[in-house]
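Student: Okay, here's what each chain looks like letter by letter:
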Amino acid sequence: MSIGTEPGPIGATTDLLSVEDLVVHFPIRRGLVVERTVGHVRAVDGVSLGIAAGRTYGLVGESGCGKTTFGRAVLRLEEPTGGRVRLDGTEVTGLRSDRLRRFRSRMQMVFQDPLGSLNPRHNVDMLLAEPLKVHGVGSRSEQRRLAIETLDAVGLPSSVLERYPHEFSGGQRQRLGIARALMLRPDLVICDEPVSALDVSIQAQVMNLLEQLQGEFNLTYLVIAHDLAVVRHMSDRVGVMYLGNLVEEADSEAIYDDPRHPYTKALLSAVPQPDPEAEADRERIILKGDLPSPADPPSGCRFRTRCPWAADICAEEVPVWREVGDGHRVACHFDL
Amino acid sequence: MALLEVEDLRVSFGETRAVDGVDFQVDEGQVVGLVGESGCGKSVTSLAIMGLLPRRAASVAGAARYDGVDLFSLPRGEMRRLRGPDLAMVFQDPLSSLNPVVQIGRQITEVLERHRGMRGEAARKEAVHLLDRVGIPDPARRLGEYPHQLSGGMRQRVLIAISVACAPRLLIADEPTTALDVTIQAQILELLKDLVDSEGTALLMITHDLGVVAGLCDEVNVLYSGRVVESAPARDLFARPTHPYTVGLLNSIPRLDLPIHEPLRPIRGSIADVIGWNDGCAFAPRCDRVAEECVAGEPPLIGAAHMHRCVRAEEVA
Numbered sequence: 001m002s003i004g005t006e007p008g009p010i011g012a013t014t015d016l017l018s019v020e021d022l023v024v025h026f027p028i029r030r031g032l033v034v035e036r037t038v039g040h041v042r043a044v045d046g047v048s049l050g051i052a053a054g055r056t057y058g059l060v061g062e063s064g065c066g067k068t069t070f071g072r073a074v075l076r077l078e079e080p081t082g083g084r085v086r087l088d089g090t091e092v093t094g095l096r097s098d099r100l101r102r103f104r105s106r107m108q109m110v111f112q113d114p115l116g117s118l119n120p121r122h123n124v125d126m127l128l129a130e131p132l133k134v135h136g137v138g139s140r141s142e143q144r145r146l147a148i149e150t151l152d153a154v155g156l157p158s159s160v161l162e163r164y165p166h167e168f169s170g171g172q173r174q175r176l177g178i179a180r181a182l183m184l185r186p187d188l189v190i191c192d193e194p195v196s197a198l199d200v201s202i203q204a205q206v207m208n209l210l211e212q213l214q215g216e217f218n219l220t221y222l223v224i225a226h227d228l229a230v231v232r233h234m235s236d237r238v239g240v241m242y243l244g245n246l247v248e249e250a251d252s253e254a255i256y257d258d259p260r261h262p263y264t265k266a267l268l269s270a271v272p273q274p275d276p277e278a279e280a281d282r283e284r285i286i287l288k289g290d291l292p293s294p295a296d297p298p299s300g301c302r303f304r305t306r307c308p309w310a311a312d313i314c315a316e317e318v319p320v321w322r323e324v325g326d327g328h329r330v331a332c333h334f335d336l
Numbered sequence: 001m002a003l004l005e006v007e008d009l010r011v012s013f014g015e016t017r018a019v020d021g022v023d024f025q026v027d028e029g030q031v032v033g034l035v036g037e038s039g040c041g042k043s044v045t046s047l048a049i050m051g052l053l054p055r056r057a058a059s060v061a062g063a064a065r066y067d068g069v070d071l072f073s074l075p076r077g078e079m080r081r082l083r084g085p086d087l088a089m090v091f092q093d094p095l096s097s098l099n100p101v102v103q104i105g106r107q108i109t110e111v112l113e114r115h116r117g118m119r120g121e122a123a124r125k126e127a128v129h130l131l132d133r134v135g136i137p138d139p140a141r142r143l144g145e146y147p148h149q150l151s152g153g154m155r156q157r158v159l160i161a162i163s164v165a166c167a168p169r170l171l172i173a174d175e176p177t178t179a180l181d182v183t184i185q186a187q188i189l190e191l192l193k194d195l196v197d198s199e200g201t202a203l204l205m206i207t208h209d210l211g212v213v214a215g216l217c218d219e220v221n222v223l224y225s226g227r228v229v230e231s232a233p234a235r236d237l238f239a240r241p242t243h244p245y246t247v248g249l250l251n252s253i254p255r256l257d258l259p260i261h262e263p264l265r266p267i268r269g270s271i272a273d274v275i276g277w278n279d280g281c282a283f284a285p286r287c288d289r290v291a292e293e294c295v296a297g298e299p300p301l302i303g304a305a306h307m308h309r310c311v312r313a314e315e316v317a
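Respectively, the protein sequence lines represent chains A and B. Numbering follows this note's numbering, in which position 304 of the first sequence is assigned residue number 304; successive positions increment by one, without gaps. Numbering follows this note's numbering, in which position 270 of the second sequence is assigned residue number 270; successive positions increment by one, without gaps.
Treat the hints loosely; a few may be bogus.
DEER-style ranges, computed between Cβ atoms [unchecked claim]:
hint, chain 1, residue 1, chain 2, residue 2, range
1, B, A296, A, G138, 47 to 53 Å
2, B, D257, A, K288, 26 to 32 Å
3, A, D257, B, R55, 51 to 57 Å
Taking lysine-lysine and the DSS-like style, the derived pairs with C-alpha atoms no more than 27 Å apart in a straight line are [claimed, not checked]:
hint, chain 1, residue 1, chain 2, residue 2
4, A, K288, B, K125
5, B, K125, A, K265
6, A, K288, B, K193
7, B, K125, B, K193
8, A, K265, A, K288
I should point out that these hints are in silico values taken from the structure, not numbers from a laboratory. Please read these numbers as outputs of a predicted model, since none were measured by experiment. Ideal Cβ positions, reconstructed from N, Cα and C, are used throughout, including at glycine.
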């Protein structure tokens with residue numbers, strides 16, 4: 001283990017995606033005439049994780065923890081400041097523009113806001129054919145056939161081809177967003193808050209759909225969400241992020257049955273459950289205050305300013321990763 | 001007598017019936033939930049009660065009796081006097097409910113001056129006390145700050161401080177935690193609970209989140225397409241959900257205690273399927289139990305403590 005933030009050996013040969021010590025810093029610039037860099041927002045500050053082929057990794061955390069930036073940096077929609085991303089043996093972080101563009105056909109993204117990510121002036125036919133055109137896949141008639149096939153897979157009839165995004169409901173639009181991501185038959189799909197803009201009953205439909213498509217198209221998912229219940233339900237492994245760092249990583253069941261990091265414990269205790277009996281008995285961990293600024297994170301453990309268990313050591317030393325069970329790692333000084 | 005009694009409330013915007021005959025009541029010190037998905041009419045119901053709907057666009061019928069007085073027939077001045085000391089509201093988005101160019105302190109003292117006749121130093125002191133009460137650290141310094149300088153959770157606390165400045169008897173909270181992160185949501189829910197317990201404020205909680213309802217509410221009304229489809233004490237509703245819509249909502253929620261990857265059992269279709277549906281039960285186009293009697297006519301709300309609007313409820317249960 002080289003540095004404190006790296007969770008032990010990663011990038012096992014079976015992993016489809018392996019991310020090593022990924023760093024994304026955004027410069028803060030000041031000055032009207034001469035721009036000076038006065039600091040950095042450490043959005044992602046050394047995150048490593050691996051996802052096995054055909055599996056789902058859930059990345060969970062609250063606003064500002066860097067989870068979306070992480071997802072975008074994996075696809076190089078955001079240029080990483082440091083670290084390595086490998087997909088199926090190819091180093092994505094080393095690809096030059098042209099090869100990167102071609103390689104992107106293997107990794108696609110589903111966005112939170114389907115209306116914002118679909119061109120309002122394009123009908124469904126154009127929207128779905130676009131990724132194929134960009135990558136020069138198939139003739140016009142083949143493109144149409146693929147579009148119809150993909151629409152069918154996401155549960156939309158071929159009659160919607162001539163319609164425009166505004167004519168659809170939120171759930172249908174998300175189905176379109178998913179269909180578009182699948183058009184190139186990628187290996188990896190990064191879903192950034194795929195259901196958080198949807199009503200509960202529609203959310204469940206889309207979650208079921210994503211699970212069903214995973215088997216059908218042999219997909220590997222990185223699901224990024226703030227909702228622990230959603231992430232737990234869809235994922236095999238879960239990583240919890242706080243202020244640019246992973247703080248705990250474990251198999252889905254383990255992280256909920258036996259959370260070890262105080263932040264994970266607090267998050268879990270904060271999710272309201274639709275069960276009055278359980279709500280009455282539950283022990284809530286109410287965190288103090290708000291998220292500190294990622295431009296000036298606290299020394300030592302970044303969670304210490306809000307942690308109920310914080311002690312002197314937490315301000316002085318960055319906690320190193322500890323194995324606490326089979327594939328269960330936590331970055332905390334204490335054994336809670 | 002109930003503190004607030006809403007009877008056959010109907011709100012329409014032109015041809016669109018947003019609220020279509022809603023009845024419920026809130027007793028003194030009680031927490032009542034109005035729960036439903038987008039477009040079910042829950043927010044419109046709360047705005048109608050507060051008299052905040054645009055008069056030209058919305059036509060409001062029915063009654064909302066506060067302490068026996070019908071709010072809808074009250075002159076505007078009278079209504080304005082009630083807002084604050086009697087009825088107060090917390091909105092979903094605190095940034096658009098706070099004035100961006102006025103300091104936090106001034107926004108609180110304004111309410112104190114208007115409704116409690118406090119001036120100068122006394123008002124300032126009370127404002128500090130209120131901010132402290134809702135858990136804002138270093139309240140004296142915060143008085144001079146503007147809304148954009150505060151985080152989302154802090155803004156929501158300021159809004160709650162303003163709402164409770166006059167110790168209202170009924171607080172209406174419209175999705176007060178929806179825009180917030182879960183750990184901040186937990187802080188705000190704790191604060192609301194504490195206000196209800198210590199001040200005896202009645203709370204009408206409007207939310208889409210059945211989890212929030214389960215932790216907070218005494219009574220729950222489930223809304224669908226502008227109508228109450230089920231109404232029951234919270235424990236009863238979650239233990240024995242009766243209307244197929246309530247059952248469907250509960251089955252749609254990924255719970256922390258369910259096995260992972262197990263397919264959820266969502267409600268089919270979407271609310272859009274109901275547009276233009278005028279006969280019978282509004283849920284019929286999406287209901288798995290739909291039968292002929294469901295489309296024959298609008299089912300009535302039946303039952304005593306646990307009411308529901310489904311002709312096939314016995315079979316569903």
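Student: If a hint holds in the structure, say so; if it does not, say that too.
Tutor: Structure-based check of all given hints:
no. : hint                        : in the structure
1   : A296/B x G138/A: 47 to 53 Å : holds, 52 Å
2   : D257/B x K288/A: 26 to 32 Å : holds, 28 Å
3   : D257/A x R55/B: 51 to 57 Å  : holds, 55 Å
4   : K288/A x K125/B             : holds, 24 Å
5   : K125/B x K265/A             : violated, 38 Å
6   : K288/A x K193/B             : holds, 17 Å
7   : K125/B x K193/B             : holds, 25 Å
8   : K265/A x K288/A             : holds, 14 Å
Hint violations for this structure: number 5 only, all remaining hints satisfied.
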